[in-house]
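Asker: The chain contents come next:
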Amino acid sequence: MKFTEEHEWLRVEDDVVVVGITEHASEQLGDVVFVDLPEVGTEVVKDDEAVVIESVKAASDILAPIDGEIVEVNEMLVDEPGKVNEDPQGDAWFFKIKASDPSQLDDYMDEAAYKKFIG
Amino acid sequence: MSDLRTTPLRDLHVELGGKMVPFAGYEMPVQFPLGVMKEHLHTRAKAGLFDVSHMGQVIVFSNQGYRAAALAMETLVPVNLADLGKNRQRYGFFTNEKGGIEDDLMLANRGDHMFVVVNAACKEGDVAHMRENLADCSVEEITDRALLALQGPSAEAVMSGIVSETADMKFMDVGMFDSDFGELWISRSGYTGEDGFEISVANDQAVAFAKALLAHEDVEPIGLGARDSLRLEGGLCLYGNDIDANTSPVEAALTWAIQKVRRRGGEREGGFPGADRILDELENGAGRTRVGLRPDGRAPMREGTELYAAAEGGEVIGKITSGAFGPTIQGPMSMGYVPSDLAAEGTRLFGEVRGKRQPVSVAAMPFTPANFKR
Chain D
43 MKFTEEHEWL
53 RVEDDVVVVG
63 ITEHASEQLG
73 DVVFVDLPEV
83 GTEVVKDDEA
93 VVIESVKAAS
103 DILAPIDGEI
113 VEVNEMLVDE
123 PGKVNEDPQG
133 DAWFFKIKAS
143 DPSQLDDYMD
153 EAAYKKFIG
Chain X
34 MSDLRTTPLR
44 DLHVELGGKM
54 VPFAGYEMPV
64 QFPLGVMKEH
74 LHTRAKAGLF
84 DVSHMGQVIV
94 FSNQGYRAAA
104 LAMETLVPVN
114 LADLGKNRQR
124 YGFFTNEKGG
134 IEDDLMLANR
144 GDHMFVVVNA
154 ACKEGDVAHM
164 RENLADCSVE
174 EITDRALLAL
184 QGPSAEAVMS
194 GIVSETADMK
204 FMDVGMFDSD
214 FGELWISRSG
224 YTGEDGFEIS
234 VANDQAVAFA
244 KALLAHEDVE
254 PIGLGARDSL
264 RLEGGLCLYG
274 NDIDANTSPV
284 EAALTWAIQK
294 VRRRGGEREG
304 GFPGADRILD
314 ELENGAGRTR
324 VGLRPDGRAP
334 MREGTELYAA
344 AEGGEVIGKI
354 TSGAFGPTIQ
364 GPMSMGYVPS
374 DLAAEGTRLF
384 GEVRGKRQPV
394 SVAAMPFTPA
404 NFKR
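Protein sequences appear in the order of chains D and X.
So the mapping is simple: our numbering equals the position in the first sequence, first residue as 1, plus 42.
So the mapping is simple: our numbering equals the position in the second sequence, first residue as 1, plus 33.
Isolated chain X (complex conformation):
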C-alpha cells in the first residue's frame, strides 16, 4: 500500500487492530477488532470515533467579507449561502451544466470566511473548480489538519469534557475553540444519523486528541464498514454510488437542500450550473426518484441490483445504488432509483438477486430515526 496516502492517525489505527484497506487513495481502517456489526451498534448505543481526515477541508475567503464569498459560491452551489447565519453550516452540492451533481459538501459561515468540507475522492477537482470559478476569492486547501467524527448519544458528554461549550451547540452549529489540543474547529453534525461532532484538529495534535476521546469508556474506534451501514440506515447519500455527475438533485430527492430564494421566483433564482434543468424539475418533477427500499426476508440487495415492476417479464425499471444489512433495523435495506410513478411508499417491486426476482418495498428513509440535537 506504499503508493497510498496516510492520515495522521494511521499508526494509531494499526495499533488499535484496524484492518487497513485502500480507500479514495488513502490507507484507511475498514474495521477494528469489534467488527462491523458491533461497531455499528456501539455507535448507536454510545459513541464511535471515525477518522475522516481523507476528506478535503477548504477555506474560501474574500476580502469583501463572508457574504461576498457566499455569493460567489452560490454561482456553483444551488443553496442559500448568503443568508446563512454566523457559525451555522449547511449541506449543499456542486452542480454541472447538465444539472448533475459533481460532489456534495458541507458549507459553514465562520464569520469572515466560508469553511467547506468535500469528499476525499473529489477534493482535487473541487479545489480546482472553486479556484477557477470563484472570482476575487482565495481558495485554500487545509492540509495541516486532521478531521475526526465523534458520533452517537454519548458524543455530547465526551466532547463537552474536552470543550465544555460544545454542550450548548445545536445540530449544524459550528465553532472554533481553544483546547488542550490546540484550536479545534467543531461542527455539530455527522454522517450516521446520530447526534455528534466533526472536529478538525492540527495534524501534530491529532493522535493525542483521538487518544483522549478513546480514553472515555463509551468511545470505540469505528471503521469504514460501519460508517457505510450507519449512513445508509440514516438515509444519507454516498457520492459516487447514490448521487453522481448524471443524477440531478431533484432525482436524488435532495430538493430540501435548495432553499426558496434560489428557486424560480426567488430573490436569487438560479445562477448555478444546470439551473435550467434543476429549476424545471423542481416545478415539474423528474422522471426518476431516489427512494429507500426494504427487501423481504434477510438477504441484502446490494449496489447494482436491477429492479423490475413485476415478478416475471417486463423491462428493468431501476437500479439499487447502495444496499446492505442494517444492524440496527436487523434487516436488509437499500436505496436506489425508480420511475417517479413507482416511488410511493409501500410500492411493491422486485430486485433480481442471483438470477431470481425477490420482492422489495419502497420505504421511508431514514430507516432509523434521526437523533439530532435540534
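Excised from the complex, chain D in its bound form:
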C-alpha cells in the first residue's frame, strides 16, 4: 500500500490502482454525508479533482493521484456515504484507476513513512 500527502491510500491490484482515504483523513473530515464519484471511463491527469466528499463540516476534494483512466467506482458510497467513516481503508474505496504510467506510484510513501508524516 502507498500513501499520499493528501491522505489517500493506493493499493495496486494487477494493472489497476484502488484509491481511498486514510483513517486519519476520515477522522479529520467528520461524518461524511455525500460522495460525488467520477464517471467510469473518465481520463484523469494527476491532481485533477476526482471525487467530492461533503461532510457535516465542509466539502473536500480527492485528487487523482496518478494519470490514467477511471475503470470502476464504488457505487455503494452514493447510498451509504457513512461507510467512509466506518471503513475508510477497506470497503469504502472510491475508484479504481488504470495507470498510464505506473512509475508515478514510486513518488508516494509507504505505510511507515505515512505514519511518520501524520505524526
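Hints are computed from structural coordinates only; laboratory data are not their basis.
The reader is advised that the hints may include incorrect statements.
If you only want the chain X side, here are some residues facing chain D, beta carbon under 10 Å, derived [claimed, not checked]:
1. V63
2. A190
3. A278
Straight-line C-alpha distance at most 25 Å; calculated SDA-like pairs for lysine to any residue [claimed, not checked]:
4. X/K71 to X/K293
5. D/K99 to X/K389
6. X/K79 to D/N127
7. X/K52 to D/Y156
8. D/K99 to X/A245
The beta-carbon is built from N, C-alpha and C at its ideal position, and this holds for glycine as well.
With chain D's structure known, arrange chain X on it following the hints.
Answerer: Okay, now just chain X, sitting in the frame of chain D:
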C-alpha cells in the same frame, strides 16, 4: 490559541475530549468524541449540554423601574418591551439608521430590571451602544457568570432534578432560583428548536454545575458544529450569516418579532433606528426575503452559493447564507435570500455548486418541527 479568551468550562471541555477551535475570540469546542452527527441526533432524542458562556449577559437598570428601562430600550429595539410580563422573555434586535440589524438578542423582564443576552462577536459594540443611548439607565455587563444551555426532550427531567420549579416554566419564562450551585438565572429557551433551558451560573460554580448535568445518563456535551446544524434545522438565524447590518427585519422574515404597538398606527409606533424603512416595509413588503431551501439529492448547498431562477442563463437572483446537511431530516438544508416574488414555498430555483446548477426548492422553516413547551 494563547490570545483567545476562555470560558470557565474550557478545561472540562478538554477533559471530555472536546476539539477546541477559535470562535468569536474564544477557545470553544467544535465537537466532542461523539462527533457532530451523533451530537445533533442525541440532542433531538435526549439532551445536549452547550457552553454558551462566550455570549454577553447584560443587566439594564433604571431606578424608575422595569418599565422605564424597557421604554429606553424600545428606542433601540423595535419590540414591545414595556408590556412584557414579569419573568417573561422576548426575542428582538438592535436596528441601525439604515433599517439593518446590528445584532439579535434576548430581552427579559426580571421585575426591577431588564436582563439581556447578546451575541459574543457583537457584545462589546452592543454594550457601548446601550451605554451611549439608554438615558438614565445603568448598563452592566455580567462577567462573573457562565452561560450554559441544556436542550432536548430530556432537559426538563434533568433540570427539575436540580431546581424542581423549572418543571412548571413555559417557553420563554425566566426565573432566578437558589440551588446547590448558588443562584441560577434560568430561562426556558434555546437555539435548537427543542424544549430546554439556558442557565446562567456563577463562574466558580460552573464546572460543578456542568458536571452535575452531565452525570445524568441522558446528557452529552455538544460542540459548536452540532449547535449550528441544530439551529439551522430549527430555522433560526445566525447573526453575521443570515442577518447583518444590511438586512432589514422584514427582509429577514422576522416581522413576527415586531408587535403591533410598535408598527404604524400603534400606540408606540416607530421611535427606533431605521423606523422609516422598517415601518414602510412592514406595510409594503421588501424586495427580497429570507427563505428556507431544500436542495434535491444529498449534497449540501453551503453559505455563499449563488442562486438562479433557471437551469441555464440569467443573472444571479439570490444567495445562500447558511447551508449544511440536516442529520434529523437526513438531507441537505439551507437558508438564503431570494426576490420576494420567488419566495413562495415550492418555487424551483437553482444553486451553483462547483460550477454546476443544481435544483433546489423553497421550503417551509423550521425544517424539523419545533418542540417548545408552550
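Asker: A separate judgement is required for each hint: does it hold in the structure or not?
Answerer: Hint check:
1. Here the hint on X/V63 is kept, as its CB sits about 8 Å from the closest CB of chain D, short of 10 Å.
2. The beta carbon of X/A190 is not positioned within 10 Å of any beta carbon in chain D (closest approach about 28 Å), and the interface hint is therefore violated.
3. Residue-level restraint check for X/A278 is violated (minimum Cβ-Cβ distance to chain D is 26 Å; threshold 10 Å).
4. Between the alpha carbons of X/K71 and X/K293 the distance comes to roughly 42 Å, so the proposed pair goes past 25 Å and is violated.
5. Distance restraint check for D/K99 and X/K389: the Cα-Cα separation of roughly 21 Å lies within the 25 Å cut-off, and the hinted pair is therefore satisfied.
6. Between the alpha carbons of X/K79 and D/N127 the distance comes to roughly 24 Å, so the proposed pair stays at or under 25 Å and holds.
7. For the hint linking X/K52 to D/Y156, the alpha-carbon distance of about 23 Å falls within 25 Å, and the restraint holds.
8. Using a Cα cut-off of 25 Å, the hinted pair D/K99 and X/A245 is violated, with the two alpha carbons roughly 30 Å apart.
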